[in-house]
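Asks: In case you want the letters, here they are:
Number of protein chains: 2
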Amino acid sequence: MKLLSADELEAELRDIGATRYHRLHPFHGLLHGGKCTKGQVQAWALNRYYYQAMIPIKDASLIARCDDSAIRREWRSRLHDHDGEHDDDGGIARWLKLTDGLGLDREHVTSLRGLLPGTKFAVEAYVHFVREKTLLEAIASSLTELFSPIIIGERVEGMLKGYDFVTAETLAYFAKRPPQAKKDSDFALDYVRRNARTPAEQRAVLAALEFKCGVLWSMLDALHFAYVAPGHIPPGAFVPSS
Amino acid sequence: MKLLSADELEAELRDIGATRYHRLHPFHGLLHGGKCTKGQVQAWALNRYYYQAMIPIKDASLIARCDDSAIRREWRSRLHDHDGEHDDDGGIARWLKLTDGLGLDREHVTSLRGLLPGTKFAVEAYVHFVREKTLLEAIASSLTELFSPIIIGERVEGMLKGYDFVTAETLAYFAKRPPQAKKDSDFALDYVRRNARTPAEQRAVLAALEFKCGVLWSMLDALHFAYVAPGHIPPGAFVPSS
Numbered sequence: 001m002k003l004l005s006a007d008e009l010e011a012e013l014r015d016i017g018a019t020r021y022h023r024l025h026p027f028h029g030l031l032h033g034g035k036c037t038k039g040q041v042q043a044w045a046l047n048r049y050y051y052q053a054m055i056p057i058k059d060a061s062l063i064a065r066c067d068d069s070a071i072r073r074e075w076r077s078r079l080h081d082h083d084g085e086h087d088d089d090g091g092i093a094r095w096l097k098l099t100d101g102l103g104l105d106r107e108h109v110t111s112l113r114g115l116l117p118g119t120k121f122a123v124e125a126y127v128h129f130v131r132e133k134t135l136l137e138a139i140a141s142s143l144t145e146l147f148s149p150i151i152i153g154e155r156v157e158g159m160l161k162g163y164d165f166v167t168a169e170t171l172a173y174f175a176k177r178p179p180q181a182k183k184d185s186d187f188a189l190d191y192v193r194r195n196a197r198t199p200a201e202q203r204a205v206l207a208a209l210e211f212k213c214g215v216l217w218s219m220l221d222a223l224h225f226a227y228v229a230p231g232h233i234p235p236g237a238f239v240p241s242s
Numbered sequence: 001m002k003l004l005s006a007d008e009l010e011a012e013l014r015d016i017g018a019t020r021y022h023r024l025h026p027f028h029g030l031l032h033g034g035k036c037t038k039g040q041v042q043a044w045a046l047n048r049y050y051y052q053a054m055i056p057i058k059d060a061s062l063i064a065r066c067d068d069s070a071i072r073r074e075w076r077s078r079l080h081d082h083d084g085e086h087d088d089d090g091g092i093a094r095w096l097k098l099t100d101g102l103g104l105d106r107e108h109v110t111s112l113r114g115l116l117p118g119t120k121f122a123v124e125a126y127v128h129f130v131r132e133k134t135l136l137e138a139i140a141s142s143l144t145e146l147f148s149p150i151i152i153g154e155r156v157e158g159m160l161k162g163y164d165f166v167t168a169e170t171l172a173y174f175a176k177r178p179p180q181a182k183k184d185s186d187f188a189l190d191y192v193r194r195n196a197r198t199p200a201e202q203r204a205v206l207a208a209l210e211f212k213c214g215v216l217w218s219m220l221d222a223l224h225f226a227y228v229a230p231g232h233i234p235p236g237a238f239v240p241s242s
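Those protein sequences? They're chains A and B, same order as listed.
Residue 48 in this note's numbering is what sits at position 48 of the first sequence, and the numbering runs on without skipping anything.
Residue 57 in this note's numbering is what sits at position 57 of the second sequence, and the numbering runs on without skipping anything.
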């Protein structure tokens with residue numbers, strides 16, 4: 001592999017998004033197309049809660065290994081976004097408004113009982129990746145946010161249209177995310193463009209984004225397998241009542 | 001939860017095996033019943049290779065955190081079992097004879113290109129569990145071996161009968177495993193019976209075995225979803241040619 005220009009590297013990153021980002025996963029076709037049962041939407045929200053809940057752990061792990069005050073300060077805003085200023089704001093609190101709105105018991109959701117093992121292992125792989133790989137790779141693994149504004153637009157429009165049990169208030173989480181994701185991914189992309197300066201570093205950056213796409217994809221694989229075809233819910237996982 | 005006697009604890013452990021061990025997974029019904037295509041058997045062997053390859057890493061991680069020479073010495077035999085004395089013996093080498101026999105390119109298998117993300121994350125969750133939990137939980141998580149002799153018997157009989165591309169030589173891995181698994185699980189069960197002395201420790205031991213059953217189950221979920229129904233192979237994963 002030869003050394004790419006920053007623009008060529010960005011083009012390869014965007015190409016990974018175009019072919020591997022979970023917008024293309026068949027479960028999202030069902031979810032956004034109004035084709036899921038309420039139980040399937042509940043299972044999605046309950047499992048995705050664990051991803052949301054672990055994001056500040058992931059981000060603090062990144063800050064904890066970074067010796068550059070300016071980067072730590074920039075990355076800190078992600079903690080504010082997800083943990084908020086009080087118990088009832090922040091991204092995690094808004095995700096719980098979604099699970100509330102879907103009729104799930106909050107204590108059950110936050111207990112993580114009923115979580116699919118596949119969700120748990122994928123999310124934990126992400127946290128371990130950020131702890132164990134280089135700072136450059138850890139930052140690059142956040143770049144799926146480059147692609148999230150489009151999927152969020154499709155999700156909000158599709159879910160409001162497709163499900164009578166979903167309201168704009170239930171989906172408040174998603175209204176807040178696109179500007180946060182834009183700011184965060186602008187920073188991370190700029191960092192990666194400037195700091196991946198050898199072919200090996202550029203390969204590592206591309207592999208980090210592929211890895212992260214695999215995390216998100218694998219979460220939906222587990223969900224789809226367990227809840228779309230009948231008879232595949234693993235022992236101990238959430239069983240929809242509807 | 002009250003304090004259980006050692007026999008009660010063992011009965012609860014065996015009950016977890018009876019309800020959560022991957023012998024019950026529908027993919028094993030297909031595999032052992034001769035219902036898989038050659039491509040599906042290849043995908044199973046290729047993905048399971050990563051589990052086999054990581055077992056000595058897992059066992060060395062356990063030894064590395066153990067301050068009791070007698071336990072370290074006992075556990076060391078697992079390294080011998082899997083890594084062998086030379087390149088061509090040991091469990092990993094025998095697993096590669098299986099993938100060879102199925103017509104997979106050895107370099108491709110060991111490169112881990114084509115591995116399902118779900119397999120990777122589940123196996124790595126196991127390694128991290130053994131590194132991060134207590135020694136008691138790490139030892140308890142190995143107890144799925146209590147249940148492996150039966151499934152191995154079913155597998156060898158079912159695969160020899162069901163597939164003309166499988167021979168006894170290809171399945172040499174499985175011939176060696178039952179006595180090793182019996183010795184290892186006898187030791188681990190005795191350790192757990194003697195060392196889980198509080199209700200909290202006993203709960204942790206039971207949860208460790210549930211966790212490990214989830215690892216094995218989740219690997220088959222990923223495999224089943226990707227390779228049994230058409231159209232679900234994730235981007236970048238092994239695509240069978242047959």
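You may find that some hints are simply not true.
Copies of the same chain look alike in the list, so a pair counts if it works inside one copy or between any two.
Heads up, simulated SDA-like pairs for lysine to any residue below, C-alpha to C-alpha not over 25 Å straight-line [stated by the list, open to error]: (1) LYS176 - SER5; (2) LYS133 - ALA60; (3) LYS38 - ILE57; (4) LYS133 - PRO235; (5) LYS38 - HIS232; (6) LYS176 - GLY231; (7) LYS97 - ARG194; (8) LYS161 - ASP68; (9) LYS161 - LEU112; (10) LYS38 - MET1; (11) LYS133 - GLY114; (12) LYS161 - ASP88; (13) LYS2 - SER77; (14) LYS97 - ARG76; (15) LYS133 - GLY236; (16) LYS176 - ALA229; (17) LYS133 - THR167; (18) LYS133 - SER111; (19) LYS161 - ARG131; (20) LYS2 - ASP100; (21) LYS161 - GLY29; (22) LYS183 - LEU206; (23) LYS133 - GLY231; (24) LYS35 - ASP83; (25) LYS182 - TYR163; (26) LYS2 - LEU160; (27) LYS2 - SER111; (28) LYS133 - THR110; (29) LYS133 - HIS108.
For the record, the hints were derived by calculation from the structure and aren't laboratory data.
Asks: Each hint needs a verdict: does it hold in this structure or not?
Replies: The hints, checked one at a time:
1. In this assembly of identical chains, LYS176 and SER5 lie within 25 Å of each other by CA distance neither inside one copy nor across copies; the values are 33 Å within and 53 Å between.
2. Taking CA atoms no more than 25 Å apart as the test, LYS133 paired with ALA60 passes in both settings, with 15 Å inside one copy and 21 Å between copies.
3. In this homomeric assembly, LYS38 and ILE57 never come within 25 Å of each other (Cα to Cα): the closest approach is 30 Å inside a single copy and 42 Å across copies.
4. In this homomeric assembly, LYS133 and PRO235 come within 25 Å of each other (Cα to Cα) only across copies, at 23 Å, whereas the closest approach inside a single copy is 33 Å.
5. Within a single copy, LYS38 and HIS232 get their C-alpha atoms as close as 17 Å, and across copies as close as 23 Å, so both meet the 25 Å cut-off.
6. Taking the closest pair of Cα atoms, LYS176 and GLY231 never come within 25 Å of each other, the shortest separation being 36 Å inside a single copy and 34 Å across copies.
7. Neither within a single protomer nor between protomers do LYS97 and ARG194 lie at most 25 Å apart by alpha-carbon distance, with minima of 39 Å and 46 Å respectively.
8. For the homomeric pair LYS161 and ASP68, neither the shortest alpha-carbon distance inside one copy (46 Å) nor that between copies (62 Å) is at most 25 Å.
9. Proximity of LYS161 to LEU112 under the C-alpha cut-off of 25 Å is found in neither arrangement, the shortest distances being 29 Å within a copy and 42 Å between copies.
10. Within a single copy, LYS38 and MET1 get their C-alpha atoms no closer than 48 Å, and across copies no closer than 35 Å, so neither meets the 25 Å cut-off.
11. With identical chains, the CA atoms of LYS133 and GLY114 are at most 25 Å apart between copies only, with a shortest distance of 21 Å across copies and 30 Å within one.
12. Taking CA atoms no more than 25 Å apart as the test, LYS161 paired with ASP88 passes in neither setting, with 27 Å inside one copy and 60 Å between copies.
13. In this assembly of identical chains, the alpha carbons of LYS2 and SER77 never lie at most 25 Å apart, being 35 Å within a copy and 45 Å across copies at closest.
14. In this assembly of identical chains, the alpha carbons of LYS97 and ARG76 lie at most 25 Å apart only when taken from the same copy (24 Å versus 50 Å across copies).
15. Taking the shortest alpha-carbon separations for LYS133 and GLY236, only the inter-copy value of 21 Å comes in at or below 25 Å, while the best intra-copy value is 32 Å.
16. For the identical chains of this complex, LYS176 and ALA229 are neighbours neither inside a copy (33 Å) nor across copies (37 Å), given an alpha-carbon limit of 25 Å.
17. For the homomeric pair LYS133 and THR167, neither the shortest alpha-carbon distance inside one copy (40 Å) nor that between copies (42 Å) is at most 25 Å.
18. When the C-alpha separation of LYS133 and SER111 is checked against a cutoff of 25 Å, the pair qualifies only between copies, where the shortest distance is 19 Å, while the shortest distance within a copy is 29 Å.
19. Taking the closest pair of Cα atoms, LYS161 and ARG131 never come within 25 Å of each other, the shortest separation being 40 Å inside a single copy and 47 Å across copies.
20. Within a single copy, LYS2 and ASP100 get their C-alpha atoms no closer than 51 Å, and across copies no closer than 34 Å, so neither meets the 25 Å cut-off.
21. In the homo-oligomer, the alpha carbons of LYS161 and GLY29 lie at most 25 Å apart inside one protomer (14 Å), although the nearest pairing across protomers, at 40 Å, exceeds that limit.
22. In the homo-oligomer, the alpha carbons of LYS183 and LEU206 lie at most 25 Å apart inside one protomer (21 Å), although the nearest pairing across protomers, at 45 Å, exceeds that limit.
23. In the homo-oligomer, the alpha carbons of LYS133 and GLY231 never lie at most 25 Å apart, since the shortest distance is 38 Å inside one protomer and 32 Å across protomers.
24. With identical chains, the CA atoms of LYS35 and ASP83 are never at most 25 Å apart, being 32 Å at best within one copy and 49 Å at best between copies.
25. Taking CA atoms no more than 25 Å apart as the test, LYS182 paired with TYR163 passes in neither setting, with 28 Å inside one copy and 53 Å between copies.
26. Taking CA atoms no more than 25 Å apart as the test, LYS2 paired with LEU160 passes in neither setting, with 47 Å inside one copy and 48 Å between copies.
27. In this assembly of identical chains, LYS2 and SER111 lie within 25 Å of each other by CA distance solely across copies; the values are 22 Å between and 48 Å within a copy.
28. In the homo-oligomer, the alpha carbons of LYS133 and THR110 lie at most 25 Å apart only across protomers (21 Å), although the nearest pairing inside one protomer, at 29 Å, exceeds that limit.
29. In this homomeric assembly, LYS133 and HIS108 come within 25 Å of each other (Cα to Cα) only across copies, at 24 Å, whereas the closest approach inside a single copy is 33 Å.
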